[in-house]
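Fit chain B to the supplied structure of chain A, relying on the hints for placement.
Residues per chain, in single letters:
Number of protein chains: 2
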Amino acid sequence: MADHNALPLVILAEKFAALPGIGMRTAQRLAYHVMSMDEESVKDFAQALLSAKKDVRCCPCCQNLTERELCPICSDDERDHSVICVVESPKDVSAFERTREFGGVYHVLHGLLSPMDGITPDKLRVKELLSRIAEGGVEEVIMATNPTVEGDATAMYVAGLLKPMGVKVSRLAFGLPVGGVLEYADEVTLYKALENRNDM
Amino acid sequence: MADHNALPLVILAEKFAALPGIGMRTAQRLAYHVMSMDEESVKDFAQALLSAKKDVRCCPCCQNLTERELCPICSDDERDHSVICVVESPKDVSAFERTREFGGVYHVLHGLLSPMDGITPDKLRVKELLSRIAEGGVEEVIMATNPTVEGDATAMYVAGLLKPMGVKVSRLAFGLPVGGVLEYADEVTLYKALENRNDM
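Those protein sequences? They're chains A and B, same order as listed.
Positions 81 to 280 (my numbering) are the ones given, in order, by the first sequence.
Positions 81 to 280 (my numbering) are the ones given, in order, by the second sequence.
Worth flagging that the hints you see were computed from the coordinates, not collected in a lab.
All of these numbers come straight from a predicted model, not from anything done at the bench.
Accuracy of the hints is not assured; some may be wrong.
Which copy? The list can't say, so a pair holds if one copy fits it or any two copies do.
Taking lysine to any residue pairs in the SDA-like style, the calculated list, with each CA pair at most 25 Å apart, reads [said to hold, decoys possible]:
{"#": "1", "residue 1": "K272", "residue 2": "V229"}
{"#": "2", "residue 1": "K134", "residue 2": "V268"}
{"#": "3", "residue 1": "K123", "residue 2": "A175"}
{"#": "4", "residue 1": "K123", "residue 2": "E208"}
{"#": "5", "residue 1": "K171", "residue 2": "I91"}
{"#": "6", "residue 1": "K272", "residue 2": "T179"}
{"#": "7", "residue 1": "K123", "residue 2": "M104"}
{"#": "8", "residue 1": "K123", "residue 2": "R159"}
{"#": "9", "residue 1": "K272", "residue 2": "D135"}
{"#": "10", "residue 1": "K203", "residue 2": "R109"}
{"#": "11", "residue 1": "K248", "residue 2": "D135"}
{"#": "12", "residue 1": "K134", "residue 2": "P244"}
{"#": "13", "residue 1": "K243", "residue 2": "Y112"}
{"#": "14", "residue 1": "K272", "residue 2": "G101"}
{"#": "15", "residue 1": "K171", "residue 2": "T269"}
{"#": "16", "residue 1": "K171", "residue 2": "I199"}
{"#": "17", "residue 1": "K134", "residue 2": "R109"}
{"#": "18", "residue 1": "K123", "residue 2": "E181"}
{"#": "19", "residue 1": "K123", "residue 2": "K134"}
{"#": "20", "residue 1": "K203", "residue 2": "E267"}
{"#": "21", "residue 1": "K134", "residue 2": "R105"}
{"#": "22", "residue 1": "K272", "residue 2": "D124"}
{"#": "23", "residue 1": "K134", "residue 2": "E220"}
Looking at chain A on its own, in the form it has when it is part of the complex:
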């Protein structure tokens, strides 16, 4: 946008356009929409942005994002803490929770191995997972990374570290469409993949 637009709108549109998947046209539209919102809503929006950045941290146990000391899943005594489902990102935790079929706990790696992109094991939350296993009480670890090259490689790598520790390691069944993204799987497919998990 050139300087014939009100400067604050140009700046806001640029902020929106910097978000993933939002082009300049859409960003401009969103900026105009913000102008038409009432003042209280805009303040709430701005506050929500600041709060999401400031108040959200990683759970010291499962590494999922939370605003509490310990996340609601890790602090839930009714869940089975002997089964850990290892996922790439917090979005995957949401996907599993939507199936309402998994009663165990999670571990979020915050990424997948990809040596070409410089993502080596030390960049992931692997040592935190090993500490959890070392503390004892864990019977099974389900590797629930995406069925992609990186997801499989990460699952193999982590499984290799866990097996000598005497814990059962399983992998999601390939009910998932290969090459797809876990986050977009429907609930039934995801549940089937969980149910038919195999030893690895």
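Chain B only, in chain A's frame:
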């Protein structure tokens, strides 16, 4: 999103989802992205939201959005103030400015007549346009509303008010695809439509 997600992220995702054209999945993605931005960028984003709402007003002359007393186009002495291009919204001003072919000034109606939706002439900035003409010095008014039913009706209505005041009124040529939206026209089409404008 259920309560297994960090609350501030859920709230932020809901704010994004309330924007036009953004679904819950995209909103969740954007919320996670905000978390990965550095703190300064998030603060800038929040500030941009507040500023767009607080510091943007309507230019008292052309009614376009601006952060100044008088907008840059109205306060530009090198532009031809005797030709006024009447458009529906500030987005249309941006569209015309992108053609770099129009040297006159604008008038933003902030809507189109649509009696079914309760948008009657008093809801538009029509009387402000009439005041500008009454002040004298205006030779031509180009009705540049969208080539839709509402756009045509608004152009006809405004033209009917202006003609008795002794000012030439023209309409954009229908080089624009009929039924389309002005904002998405390419620069050349928009320039042709401006060049071939007809008396009405």
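When the structure is checked against the list of hints, which entries are broken? Sort them ascending.
2, 3, 4, 8, 9, 11, 12, 13, 14, 18, 20, 22 and 23
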